[in-house]
Amino acid sequence: MTDLAHAKVVCEACYLGIAVEGMRTSVNPNVQGVGIGYKVTHRISTKEKALQVYVDRKIYERLLKPEDRIPDEVEGVPTDIVETGKFQIGRKFPPIYQRRVRPAPAGVSVGHHKVSAGTFGALVREGGDVHILSNNHVLANENEGKVGDPILQPGPYDGGRPDRDTIGQLADFVKLSDEQTNTVDAAIATPIVRDDVAPEVLHIGRVKGDAEPEIDMAVRKSGRTTRYTEGVVTATDVTLRVGYSHGSLVFTDQFLVSARGGFSGPGDSGSLIVDRENRAVGLLFAGSPFTTVANRWTNVAKALKVKPVS
Amino acid sequence: MRVDGVVGVGIGSKAGTRVIQVYVKEVTKAVCEKVPAILDGHPTDVVKVGEVRKL
Numbered sequence: 001m002t003d004l005a006h007a008k009v010v011c012e013a014c015y016l017g018i019a020v021e022g023m024r025t026s027v028n029p030n031v032q033g034v035g036i037g038y039k040v041t042h043r044i045s046t047k048e049k050a051l052q053v054y055v056d057r058k059i060y061e062r063l064l065k066p067e068d069r070i071p072d073e074v075e076g077v078p079t080d081i082v083e084t085g086k087f088q089i090g091r092k093f094p095p096i097y098q099r100r101v102r103p104a105p106a107g108v109s110v111g112h113h114k115v116s117a118g119t120f121g122a123l124v125r126e127g128g129d130v131h132i133l134s135n136n137h138v139l140a141n142e143n144e145g146k147v148g149d150p151i152l153q154p155g156p157y158d159g160g161r162p163d164r165d166t167i168g169q170l171a172d173f174v175k176l177s178d179e180q181t182n183t184v185d186a187a188i189a190t191p192i193v194r195d196d197v198a199p200e201v202l203h204i205g206r207v208k209g210d211a212e213p214e215i216d217m218a219v220r221k222s223g224r225t226t227r228y229t230e231g232v233v234t235a236t237d238v239t240l241r242v243g244y245s246h247g248s249l250v251f252t253d254q255f256l257v258s259a260r261g262g263f264s265g266p267g268d269s270g271s272l273i274v275d276r277e278n279r280a281v282g283l284l285f286a287g288s289p290f291t292t293v294a295n296r297w298t299n300v301a302k303a304l305k306v307k308p309v310s
Numbered sequence: 001m002r003v004d005g006v007v008g009v010g011i012g013s014k015a016g017t018r019v020i021q022v023y024v025k026e027v028t029k030a031v032c033e034k035v036p037a038i039l040d041g042h043p044t045d046v047v048k049v050g051e052v053r054k055l
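Respectively, the protein sequence lines represent chains U and B.
Going by the working numbering, the letters in the first sequence line up with residues 1 to 310, in that order.
Going by the working numbering, the letters in the second sequence line up with residues 1 to 55, in that order.
These aren't lab readings, by the way, just hints derived from the structure by calculation.
Note that the Cβ used here is the ideal one computed from N, Cα and C, for glycine as well.
Mixed in with the good hints, there may be bad ones.
The calculated label-pair distances, taken between Cβ atoms and stated as ranges, are [stated by the list, open to error]:
#1 B:K29 to U:D178: 26 to 36 Å
#2 B:R53 to U:H203: 49 to 59 Å
#3 U:F93 to B:A15: 38 to 48 Å
Construct the complete structure from the given sequences, taking the supplied hints into account.
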């Protein structure tokens, strides 16, 4: 056994309580681990190998009891005390699509304070005002929201809280009807602070104009759940029955998108669908395990009198 | 859409030909029998979309 390896075994016995034949064991609660590495002096790595002792907190030597002090060397090998904190099982860090982001780009989680979460589809302009665009069922809680209601980023399902994560207020929505056919599921919210929102769509960039969906057109989107995906328009002029919380509603003038591996999932509602040239083609709002349904962009723009901020 | 199991219709493509797609929750013999092969001179195609819901 080399001097380094032997010194490490001694430390493991003395500080971590790991039993070694012929050695007395003890535990130093501040020591979290030991290893071998280059000694770092004044934040610069030297070429000298040392026994690294990982501690929760570095404490002035004179404040420590003599038995808790770590000597400058062990068995002739220099020590290097490294403050690491306590090691923990890795906590899952949510992707950018599902966490609080400021300024928030389109594609991230958003939602009315009483819904779960959907997607901030695009930054749009209505006259001189700038708004967050998504679906009625994301921002206006299926007609139950009131103008001025808090809109959270991230949405409540992703941990958004009204006292901390309110990014905007519900400004307008197209009412969903169960008596007549619908063409859009759309709503807008006014950001409280203009600089808290960005015109870029995550992994796509800025929107440049608009286009009509055509069969076999290649399209893409960024959404809260399935993130960036690419697909193909498989049908236009679609009339379809779509399930909502209080029953099914009929939509006309929609289009369908399909992709290998799926184009969307729950939480992607509100995503803007663009073509290869970043032209707005549609607003994603519904789907099944087999297909995705979207409003035609021109219907959304007309209903809310908005244009994408480019 | 009055036919049981039919949830929608649209215009799609099959083998390069424009078709009227008839969307169903499940492709069943009963549905296929009720959907005519030609509608107003256009071929039809029964397409399974499952249950479509808001996302």
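Taking the hints in turn, this is what the structure says about them:
1. The beta-carbon spacing between K29 of chain B and D178 of chain U, approximately 32 Å, falls within the hinted interval of 26 to 36 Å.
2. In this structure the supplied range 49 to 59 Å is violated for R53 of chain B paired with H203 of chain U, their Cβ-Cβ distance being about 26 Å.
3. Separated by about 47 Å at the C-beta atoms, F93 of chain U and A15 of chain B satisfy the suggested range of 38 to 48 Å.
Hint compliance for this structure: hint 2 is the single one not met.
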